[in-house]
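Position 21 (the sequence shown) corresponds to 20 in numbering that gives the first Met the number 0; numbering is contiguous.
Rather than coming from a laboratory, the hints here were simulated on the basis of the structure. Even for Gly, the Cβ is constructed at its ideal location relative to N, Cα and C. Errors might be hidden in some of the hints.
[What the hints assert, rightly or not] Keeping only pairs whose Cα atoms sit at most 20 Å apart, straight-line, the calculated PhoX-like set for lysine-lysine is:
{"no.": "1", "residue 1": "K72", "residue 2": "K133"}
{"no.": "2", "residue 1": "K72", "residue 2": "K121"}
{"no.": "3", "residue 1": "K72", "residue 2": "K137"}
{"no.": "4", "residue 1": "K121", "residue 2": "K139"}
[Unchecked claim] Simulated restraints on C-beta separations:
{"no.": "5", "residue 1": "I31", "residue 2": "N73", "range": "26 to 34 Å"}
{"no.": "6", "residue 1": "F19", "residue 2": "N107", "range": "50 to 58 Å"}
{"no.": "7", "residue 1": "S85", "residue 2": "V106", "range": "38 to 46 Å"}
{"no.": "8", "residue 1": "K133", "residue 2": "D84", "range": "16 to 24 Å"}
{"no.": "9", "residue 1": "C25", "residue 2": "V106", "range": "45 to 53 Å"}
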Amino acid sequence: MRSTKIIVLQLKQIIYTVLFVIVGICLILLLIYMFNNKSDTKAPVMATYVPGVYTSSIVIENQPVNVEVVVDKNHINSINLTNLDSAIATLNPALVPTLSDLEIQLVNDTSFENLSIKTDTKYTSSLLLGAIEKALDKAKPEDVHNKENK
């Protein structure tokens, strides 16, 4: 014969248990919300550059060479050398490959601090980077220029 077991629960125990379950669920939801990296509310991205083509000049072998930088709102699209005489390109064989290497890195949104520069083209790279930075300064929006002047 089976014996029937009767369990007596007091109302106070049931209420405490329900409250602890609710608090536990709230804590779990809070932890999920806090550690969720995907935020739906993104701050509006301010334009880094005014879209367009900007140039800066450098002097190589007493000849001016223009560095042309094409940008859109948030990144660099291309970098080219204009007015490059073939004699200058011949006398400075590292010029075009160095610019090409820098262009690849900058188009891929690498910051100026994180650029990898080869040791054998350090001078050429610094010359080109100075010209690129001057051209990018021209590409900054007006409100950025006003803040820097203050």
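The hints, checked one at a time:
Under the criterion of a C-alpha separation no larger than 20 Å, the hint pairing K72 with K133 is consistent with the structure, at around 17 Å. About 30 Å separates the Cα atoms of K72 and K121, which puts this hinted pair outside 20 Å; it is violated. With a CA separation close to 13 Å, the supplied pair K72 and K137 stays within the 20 Å bound. For the hint linking K121 to K139, the alpha-carbon distance of about 27 Å lies beyond 20 Å, and the restraint is violated.
Separated by about 32 Å at the C-beta atoms, I31 and N73 satisfy the suggested range of 26 to 34 Å. The given range of 50 to 58 Å is respected by F19 and N107, whose C-beta atoms sit roughly 53 Å from each other. The hinted window of 38 to 46 Å between S85 and V106 is violated, with their beta carbons roughly 26 Å apart. Separation of K133 from D84 is about 21 Å and conforms to the stated range, judged on CB atoms against 16 to 24 Å.
Between C25 and V106 the CB atoms are about 48 Å apart, so this pair conforms to the stated range of 45 to 53 Å.
This entry does not satisfy hints 2, 4, 7, going by the numbered hints stated previously.
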